[in-house]
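Q: First to last, the protein sequences are chains A and B. Those letters in the first sequence? Residues 1 to 246, by my numbering. Those letters in the second sequence? Residues 1 to 307, by my numbering.
Heads up, some of the hints might be wrong.
[Unchecked claim] Derived pair list, reagent style EDC-like, types lysine to aspartate or glutamate, alpha-carbon separation capped at 16 Å: (1) A:K53 x A:E16; (2) A:K186 x A:D209; (3) A:K90 x B:D209; (4) B:K127 x B:E63; (5) B:K221 x B:E302; (6) B:K172 x B:D143; (7) B:K239 x B:E259; (8) A:K19 x A:E64; (9) A:K154 x A:E64; (10) A:K151 x A:E219; (11) A:K90 x B:D15; (12) B:K172 x B:E204; (13) A:K46 x B:E243; (14) B:K127 x B:D159; (15) A:K90 x B:E302; (16) B:K120 x B:D209; (17) B:K4 x B:D15; (18) A:K90 x B:E243; (19) A:K214 x A:E16; (20) B:K127 x B:D15; (21) A:K76 x B:E293; (22) A:K29 x A:D209; (23) A:K76 x B:D159; (24) A:K90 x B:E281.
[As the list claims (entries may be wrong)] Only some residues are given here: those of chain B computed to face chain A with a beta carbon under 8 Å: (25) D143; (26) V145; (27) A273; (28) K277; (29) Q282; (30) K285; (31) T288; (32) G290; (33) S292; (34) K299; (35) G303; (36) F304.
[What the hints assert, rightly or not] Label-pair distances were calculated between CB atoms; the ranges are: (37) A:D70 x B:L79: 49 to 55 Å; (38) B:I270 x A:R128: 18 to 24 Å; (39) A:E195 x B:E293: 38 to 44 Å.
It should be emphasised that the hints constitute simulated quantities derived from the structure, not laboratory data. Note that CB positions come from ideal geometry on N, CA and C, so glycine has one too.
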Amino acid sequence: MLSIKDLSWSLGSGEEILKNISLELPEGKLTVITGPNGGGKTSLAKLIAGLEKPDSGEISLDGENITDWDITRRSKAGIGYAFQQPVRFKGLNVRDLMELAAQRSLSEREICEILGKVGLCANEYLDRTIDASLSGGEAKRIEIASVLAKKDAKVLVFDEPEAGIDLWSFSSLIDAFERLKATENKSLLIISHQERILEISDYIVVIADGNVTKAGTREEILGGLFGEEKAERCPLGKDKEDNKNA
Amino acid sequence: MLDKTTEELLGIVSDWSGKFNGAYNIRSNGQCAGRQSSENILLENKEDNPGLVVKIKPGTKGETVYIPACVTKGGINDLVYNDFFVGEGADVTIVAGCGVHTDDGHDVRHHGIHRFILDKGARVLYKEKHIGTGAGGGAKHIDPVTEVIQGEDSYLEMDTIQIGGVDRTFRKTTGTLGKGAQLVIKERIMTEGTQTANTDFAVELNGEDSSVDIVSRSVAKGQSYQEYHSKISGNARCKGHSECDAILADKGRVNAAPELFAGDLDAELIHEAAIGKIAGEQIIKLQTLGLSEEEAEAKIIEGFLRG
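Isolated chain A, as found in the complex (with noise of 0.2 Å):
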């Protein structure tokens, strides 16, 4: 299991993104994470990840205090992250980037079945070079894919994965988030302002201005987030009065 606690972290210039934030990311379960823009919800997935180092707080995954593990260590204990913006690399391959995420060779129809997960065909994208040929939306459903694919994984975050991809790969990438759940005993932590990935959640934490505003089981959460306010296409509190500014 995941835990954070009284986590805080400010950017260089002062500026508090995260204050004080506490959770726990149940074993096995789905958790979005959503919450208007700005609010801190990538800042406390590259915190998980170890892409950033907190200012105060802990971390720990099965009891094991892991804030000052590297990138690296966090990977190998478990902790998958798939980035909102995909990185490019010259001279990588789609089927490089499969291996090295599960750390040994895979075959055609290993890779296959990890990019047909978000709608790819592998045939058409083994060879295929991580670069600027991609799309965004190739290139987002590869980046997710070398998440899916990681070897022994406990704990993998998503960050925004519906961004940049079309309609039908995005419905690829519920089913393959729900048979994750169904089948994996793997803590999948999704940020994310989109109702069906909230829909298929087990658990919504609701972060604004740094804080938790909101925490608890879907049945708990949704109702307040797409009940009365749904009517005014504003989820979240606090973006209720921002969005009405916009």
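For this one, chain A is given, so just place chain B on it according to the hints.
A: The following block gives chain B in isolation, referenced to the frame of chain A:
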């Protein structure tokens, strides 16, 4: 009988596994250490200079000719001239490759001058790997000169790589292309320590609808220095593209100087160049997959040079 070092170098630069299938000539320390012609590919001594004349019969398909050269003793300066005449409609692979090795304080050098004359419709894949090995203090030099003359509708693909260990290299490639001829050059160079690499391309696109595509990828580590110069001259309706990408590490330096000359209104010429260190996000991405920073950097460089 080949010595162990030569066999090892041959394995690296020309996929030698104790024998070659097809025509070959092994050059070791300036001497012929084995040769075999095939029915369609004839290898003969050059009369005016040290080296070979390789004649590939018109229509030869699917054959490979190997002409690796190794220098394994300090103090040797090996100069060789190899001419390749590729007959009309032939479609072959030529595997060159050179390894230089010194275990003493004397310099070692291989200077290979290759000339390719391709007849109408001929197609050639030319593969060349270079490596320097040995713990000796002597400098290891490899200086290839390649001259290409391509007839109508011929195609030449040059795939060259300097794997490492070469202290100094001057690489010069010139090409003259006739109507419909295509030249594709993929060059990859890795330097480290205080090594230097100079590479120079000059291609004349003289025939209508001829084309050249030069892609150079280099990695300069340590305090090494690389210089890239290319000149594409479009003298007819033609297409030319050159791309120079370089990764810098440590205190490596790269100077890229591309040049384009359009001598015809319908010449379409493009150059791209990018030099910089490995993007931090690339390393971080691979770290999130479990690689250390060093492993990530090595993997990125490996992929980059593989192209």
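Q: Against this structure, judge whether each hint is valid.
A: Hint check:
1. A:K53 x A:E16: holds (13 Å)
2. A:K186 x A:D209: violated (29 Å)
3. A:K90 x B:D209: violated (29 Å)
4. B:K127 x B:E63: holds (14 Å)
5. B:K221 x B:E302: holds (13 Å)
6. B:K172 x B:D143: holds (8 Å)
7. B:K239 x B:E259: holds (14 Å)
8. A:K19 x A:E64: Roughly 22 Å separates the two Cα atoms, so the pair is violated.
9. A:K154 x A:E64: holds (14 Å)
10. A:K151 x A:E219: Given that 16 Å is the threshold and the Cα spacing comes to 32 Å, the pair is violated.
11. A:K90 x B:D15: Given pair K90 of chain A, D15 of chain B is violated - Cα atoms ~26 Å apart, limit 16 Å.
12. B:K172 x B:E204: Holds: K172 of chain B and E204 of chain B sit about 14 Å apart, inside 16 Å.
13. A:K46 x B:E243: Measuring from Cα to Cα gives roughly 35 Å; hence the hint is violated.
14. B:K127 x B:D159: The given pair, whose Cα atoms are some 5 Å apart, holds under the 16 Å limit.
15. A:K90 x B:E302: Satisfied, since the Cα-Cα distance of roughly 10 Å is no more than 16 Å.
16. B:K120 x B:D209: Status holds; Cα separation ~14 Å.
17. B:K4 x B:D15: holds (15 Å)
18. A:K90 x B:E243: Within the cut-off at roughly 13 Å; holds.
19. A:K214 x A:E16: violated (19 Å)
20. B:K127 x B:D15: holds (11 Å)
21. A:K76 x B:E293: holds (13 Å)
22. A:K29 x A:D209: Distance of about 25 Å is beyond 16 Å: violated.
23. A:K76 x B:D159: With a Cα-Cα distance of about 37 Å, the restraint between K76 of chain A and D159 of chain B is violated, given a limit of 16 Å.
24. A:K90 x B:E281: Satisfied, since the Cα-Cα distance of roughly 13 Å is no more than 16 Å.
25. D143: Hint on D143 of chain B: violated, closest Cβ of chain A at ~27 Å, above 8 Å.
26. V145: violated (28 Å)
27. A273: Status violated, d = 13 Å.
28. K277: violated (13 Å)
29. Q282: Constraint on Q282 of chain B satisfied, holds at 6 Å.
30. K285: holds (4 Å)
31. T288: Holds: closest Cβ of chain A sits about 5 Å from T288 of chain B, inside 8 Å.
32. G290: holds (4 Å)
33. S292: holds (5 Å)
34. K299: Holds - the Cβ of K299 of chain B comes within 8 Å of chain A, reaching about 7 Å at its closest.
35. G303: Interface hint status for G303 of chain B: holds (3 Å vs cutoff 8 Å).
36. F304: With a minimum Cβ separation of about 4 Å from chain A (threshold 8 Å), the hint on F304 of chain B holds.
37. A:D70 x B:L79: 49 to 55 Å: holds (52 Å)
38. B:I270 x A:R128: 18 to 24 Å: holds (22 Å)
39. A:E195 x B:E293: 38 to 44 Å: Taking Cβ atoms as reference, E195 of chain A and E293 of chain B lie about 39 Å apart, which means the hint holds.
In summary, the numbered hints that this structure violates are 2, 3, 8, 10, 11, 13, 19, 22, 23, 25, 26, 27, 28.
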